[in-house]
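There are 2 protein chains.
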Amino acid sequence: MEDTLLMIPGPTTVPKRVLDAMAQPITNHRGALYGEILDETTAMMSEVFQTDNKSYLLTGSGTSAMEAAIANIVEKGDKVINVVGGKFGERLQQLTEVFGGESIEVTVPWGQAADPAEIKRVMEENDDAKALTMIHNESSTAVVNPIKEVGEIMKDYDTLFVVDTVSSLAGDNVQVDGYGLDICLSGSQKCIAAPPGMSAITVSDDAWNVIDKVNSPTYYLDMKKMRKSGEKSQTPYTPSVSMTYAMREALSMVLEEGLDNRIKRHHTGAEATRTAAKALGLELFAREGDYSNTLTGIYLPEGVSDSQLRGTMRDKYQIELAGGQDDLKGKIFRIGHMGITGLHELSMTFTCLEMTLKEFGFEFEAGSSIANLQEAYLKNM
Amino acid sequence: MEDTLLMIPGPTTVPKRVLDAMAQPITNHRGALYGEILDETTAMMSEVFQTDNKSYLLTGSGTSAMEAAIANIVEKGDKVINVVGGKFGERLQQLTEVFGGESIEVTVPWGQAADPAEIKRVMEENDDAKALTMIHNESSTAVVNPIKEVGEIMKDYDTLFVVDTVSSLAGDNVQVDGYGLDICLSGSQKCIAAPPGMSAITVSDDAWNVIDKVNSPTYYLDMKKMRKSGEKSQTPYTPSVSMTYAMREALSMVLEEGLDNRIKRHHTGAEATRTAAKALGLELFAREGDYSNTLTGIYLPEGVSDSQLRGTMRDKYQIELAGGQDDLKGKIFRIGHMGITGLHELSMTFTCLEMTLKEFGFEFEAGSSIANLQEAYLKNM
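From first to last, the protein sequence lines are chains C and D. Heads up: the first sequence is residues 1 to 381, going by the numbering used here. Heads up: the second sequence is residues 1 to 381, going by the numbering used here.
I should point out that these hints are in silico values taken from the structure, not numbers from a laboratory. Among the hints, a few may not be true.
Examples of chain D residues toward chain C, derived with CB under 10 Å [what the hints assert, rightly or not]: (1) 116; (2) 217; (3) 312; (4) 316.
Below, in silico cross-link-like pairs of lysine to aspartate or glutamate (DMTMM-like), each with a Cα-Cα straight-line distance of 20 Å or less [to be verified]: (5) D:225 <-> C:90; (6) C:224 <-> D:97; (7) C:54 <-> C:177; (8) C:232 <-> D:306.
Because the structure is a prediction, the values reported are computed rather than measured. Every residue gets a Cβ at the ideal spot worked out from N, C-alpha and C, and that includes glycine.
Pulled out of the complex, with its shape left as it was, chain C reads as follows (with noise of 0.2 Å):
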């Protein structure tokens, strides 16, 4: 193997079609090509989100796009909702409370999904709550939150509903008109397998019409100016050119694979990715039911230390996998299954992964992860 397999949850690998895009020579931000290439570009983007609603590109890593869509509803001594399950979970309350937002948390406990029951008693003790926001995937966690159900919820009442998918558009069921999800954001390493450094967001109306009573500070991240400048199949400040070229591609292939299938096959990946891991007496660490599609998140067996286990994959086989975060550090590893990343990969990844918990001492029958992820790759062929 040339490179280091990256099996963490973003970035992932990047197709070299897409790498080779990016490599293209820079056109002029201002001029009628590269505002086709943006226009096509955020069209697919409009599509992966499913919606009819225009989608922005922001030069920026997801974190930006998170910010843009705080700092631009949020005004000081707004009501903000903020489900909290993870790292993730707490920046949207950060932001919130950055902005001047007075956050009223939605504590849900790490490792389990959101309770729709929960988000509907809060809903109804705040119905003047300015906006909701919640984490699709939540990737500290390796949960999965159920974004259909809340957006259910949320439709008998005016409070924006703000989500994050950066870590499951592509990958996950996302369905911004179906689900009604007013403010909706994404980032291009994840399941899309762009490089990172580009960030896309997609506004209802509804969403709209507190954007333009909102004035908050902020400039680069201003969705206002990015409206105006969209009209115009411009940006309102130098794009990544670069970037917009691998989003192209990268989005391009997501439809030709077919949205469906790729949900589908992250899907299979996760399942196979579970049930690998239980063959070697590993334990999940999410609740059963809220298990993440991209990524799994697996307590460390004890007996072997993050930097031992993470270390061996690492150095001895090229493998890189994630840890925890926060206050999982030390006893969680995550991998990733995300973008291309498929059969072939997590082949080579519990392959080795066996042969690390064989050296620390570790005791199951050398094959059986295997055997587990051929079954389930097979049952959903």
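For this one, chain C is given, so just place chain D on it according to the hints.
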């Protein structure tokens, strides 16, 4: 010629070496390898800034670095002196106001450089100002401002000196430590000749002392977080890994050429452009002596419209020139001579500009601009 030649003030033509570096496979942005690449790149950035201070890379265009420079030092009610002589000077003023600062404007006529004596006078009256902002190279007017002389004045005051060198760094004289610049920012896609989408900022100890006391609403561009992550050879949020590769390669090329040689080459290109334009009877926009060394603004001669001149250059000759911005739209056009652009690109540009002007009935001795161009280069070889 395979591609359209970019003779605009950024993005500039990116060398194949840099495009190839950008297209390398993605590495884990939290891994040791990325840390090494980031440290190497920011060290080169500091070398080009000519400072002992640490530099930081931002995944965002130059405007994101402008916002970082302001948002991290300006709080509601702070007095900030904005030197405004063009579109980018205005942008720093707008940012000051977005973050609640009270702007004291030093108005400079478009096409002229700021007068250090005037700035000294304003500083004497406003020695309690928190910062003074200035654009080194105002690309909207093709004017260079006297940052060295203003830096001398600013040494007598506690007021921070904030300088935007987006379109000058690596193409004109910028000595962050030598001139006493407290905050200096730049972009990837101008004289450094990397693709657009990344910017850089460096911060003095005095500026850090201010930043540590300020708590303006900023998150993605929070410098305190950048410093903290920088200590671990990381960025606070997922960076553009590909653009970091590109910047490392582009900065290596700057240092291989030698910073002084590169600056001298830009000065020669500017002189050659001016003298070539004059041979065709064209009139320069900027006041004599205030000419930018990285781009040249030229009045559209009477009898040809902007769309005729630049349209012909683009459609018939595949050479992209820039128009005027805001009030200067339809009045001037601009030729960028930045990055790797030099004798060869200027010879193509003036050859085709002569043909374009002839097409619209202008009279001059064919080849005269080229003769002047050659002379300017020979004199400086």
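Against the structure, the hints:
1. A hinted interface residue such as residue 116 of chain D counts as satisfied when its beta carbon comes closer than 10 Å to some beta carbon of chain C; here the least separation is about 29 Å, so the hint is violated.
2. Hint status for residue 217 of chain D: holds, given a least beta-carbon distance of 5 Å to chain C, under 10 Å.
3. A cut of 10 Å between beta carbons decides the hint on residue 312 of chain D: the least distance to chain C is about 15 Å, and the hint is violated.
4. For residue 316 of chain D, the interface hint is violated, since its Cβ never comes within 10 Å of a Cβ in chain C; the closest pair sits about 15 Å apart.
5. Straight-line distance between C-alpha atoms of residue 225 of chain D and residue 90 of chain C comes to about 16 Å, which keeps the hinted pair within the 20 Å bound.
6. Restraint check for residue 224 of chain C and residue 97 of chain D: the C-alpha separation of about 17 Å stays at or below 20 Å, so the hint holds.
7. Under the criterion of a C-alpha separation no larger than 20 Å, the hint pairing residue 54 of chain C with residue 177 of chain C is consistent with the structure, at around 12 Å.
8. Between the alpha carbons of residue 232 of chain C and residue 306 of chain D the distance comes to roughly 19 Å, so the proposed pair stays at or under 20 Å and holds.
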